[in-house]
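Undergrad: Sequence:
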Amino acid sequence: MKNTIRSTRSVRNLRTVRTAVGAAVVLGLGLGLVGCSGTADEVGKAVDEAVDETYEVTYEVTGTGVDEIQFHGGGGKAMEPKIETVKSPTLPWRKTVTLRGIMPPAVMPIAVDADGADVSCSITHKGKVIKEAKGEGMLTAGGCVAVSPVAG
Numbered sequence: 273m274k275n276t277i278r279s280t281r282s283v284r285n286l287r288t289v290r291t292a293v294g295a296a297v298v299l300g301l302g303l304g305l306v307g308c309s310g311t312a313d314e315v316g317k318a319v320d321e322a323v324d325e326t327y328e329v330t331y332e333v334t335g336t337g338v339d340e341i342q343f344h345g346g347g348g349k350a351m352e353p354k355i356e357t358v359k360s361p362t363l364p365w366r367k368t369v370t371l372r373g374i375m376p377p378a379v380m381p382i383a384v385d386a387d388g389a390d391v392s393c394s395i396t397h398k399g400k401v402i403k404e405a406k407g408e409g410m411l412t413a414g415g416c417v418a419v420s421p422v423a424g
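In terms of our numbering, the sequence shown opens at residue 273 and continues consecutively.
By construction, these hints were calculated from the structure, which means they are not laboratory data. Hints are not guaranteed to be accurate.
Pair by pair, the computed Cβ-Cβ distance ranges are [unchecked claim]:
| no. | residue 1 | residue 2 | range |
| --- | --- | --- | --- |
| 1 | Val401 | Ala423 | 16 to 24 Å |
| 2 | Gly347 | Lys406 | 27 to 35 Å |
| 3 | Ser392 | Val419 | 16 to 24 Å |
| 4 | Asp339 | Lys398 | 25 to 33 Å |
With a straight-line Cα cutoff of 27 Å, these simulated DSSO-like cross-link-like pairs (lysine-lysine) come out [as the list claims (entries may be wrong)]:
| no. | residue 1 | residue 2 |
| --- | --- | --- |
| 5 | Lys354 | Lys406 |
| 6 | Lys367 | Lys398 |
| 7 | Lys403 | Lys349 |
| 8 | Lys367 | Lys400 |
| 9 | Lys359 | Lys349 |
| 10 | Lys406 | Lys367 |
| 11 | Lys403 | Lys367 |
| 12 | Lys359 | Lys406 |
| 13 | Lys349 | Lys367 |
| 14 | Lys354 | Lys398 |
| 15 | Lys354 | Lys400 |
| 16 | Lys403 | Lys359 |
| 17 | Lys349 | Lys400 |
| 18 | Lys349 | Lys398 |
| 19 | Lys403 | Lys354 |
| 20 | Lys354 | Lys367 |
Cβ atoms here follow ideal geometry from the backbone N, Cα and C, with glycine treated the same way.
Please model the complete structure; the sequences and the hints are all you need to start from.
TA: Here you go:
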């Protein structure tokens, strides 16, 4: 009987310790997540200041049925680029922009009627195509997005 009483006490103590440790872990994770939002902003600011090298890319969209083109034009922050929009573009469409640091070059043709659209896009840096996409898959995948040549 003594062994049963000791076992029951041990199990209760173990459960209490396990509960306390679990609560401490959850509290630590919660505090860590709250702290991360401020840290992410600080990291983004530091990246913008540290990686200030610029580069040029040329976006090109060809085909038919494109209602709008969205692209990173160089404004905004490296980790939150400003998206510029051209409505009812004449195709073929071409635009050269200057981007900064790790800001990814991106061009996104948008077609309301994806079935009727025949679209391709490309991003060129120093005469070399660094990203291209064609057809319906490109429409569902969001166009052409490449890694910054400064970062890669």
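Undergrad: Lying within 27 to 35 Å: is that true of the beta-carbon distance Gly347 to Lys406?
TA: holds (28 Å)
Undergrad: Confirm or reject the claim that Val401 and Ala423 have a C-beta distance inside 16 to 24 Å.
TA: holds (18 Å)
Undergrad: Does 25 to 33 Å hold as the CB distance between Asp339 and Lys398, or does it fail?
TA: The hinted range 25 to 33 Å holds for Asp339 and Lys398, with Cβ atoms some 31 Å apart.
Undergrad: Given the hinted pair Lys354 and Lys367, is their Cα-Cα distance within 27 Å?
TA: Holds. Lys354 to Lys367 sits at ~16 Å (cutoff 27 Å).
Undergrad: Take the C-alpha atoms of Lys349 and Lys398, compute the straight-line distance between them, and say whether it is at most 27 Å.
TA: Cα-Cα ~23 Å, so holds.
Undergrad: Is Lys403 within 27 Å of Lys359, Cα to Cα?
TA: holds (23 Å)
Undergrad: Given the hint that Lys354 pairs with Lys398, does the C-alpha gap stay at or below 27 Å?
TA: holds (23 Å)
Undergrad: For the pair we were handed, Lys354 and Lys406, check the Cα-Cα distance against 27 Å.
TA: Given that 27 Å is the threshold and the Cα spacing comes to 24 Å, the pair holds.
Undergrad: Holds or violated: are the alpha carbons of Lys403 and Lys367 at most 27 Å from each other?
TA: holds (15 Å)
Undergrad: Next pair to validate is Lys354 with Lys400; report whether the Cα-Cα distance is within 27 Å.
TA: Holds. Lys354 to Lys400 sits at ~24 Å (cutoff 27 Å).
Undergrad: Within a Cα-Cα threshold of 27 Å, do Lys349 and Lys400 meet the stated pairing?
TA: holds (25 Å)
Undergrad: Need the status of pair Lys403, Lys349: alpha-carbon distance at most 27 Å?
TA: Holds. Lys403 to Lys349 sits at ~22 Å (cutoff 27 Å).
Consistency with the previously given hints is maintained throughout, with no hint failing.
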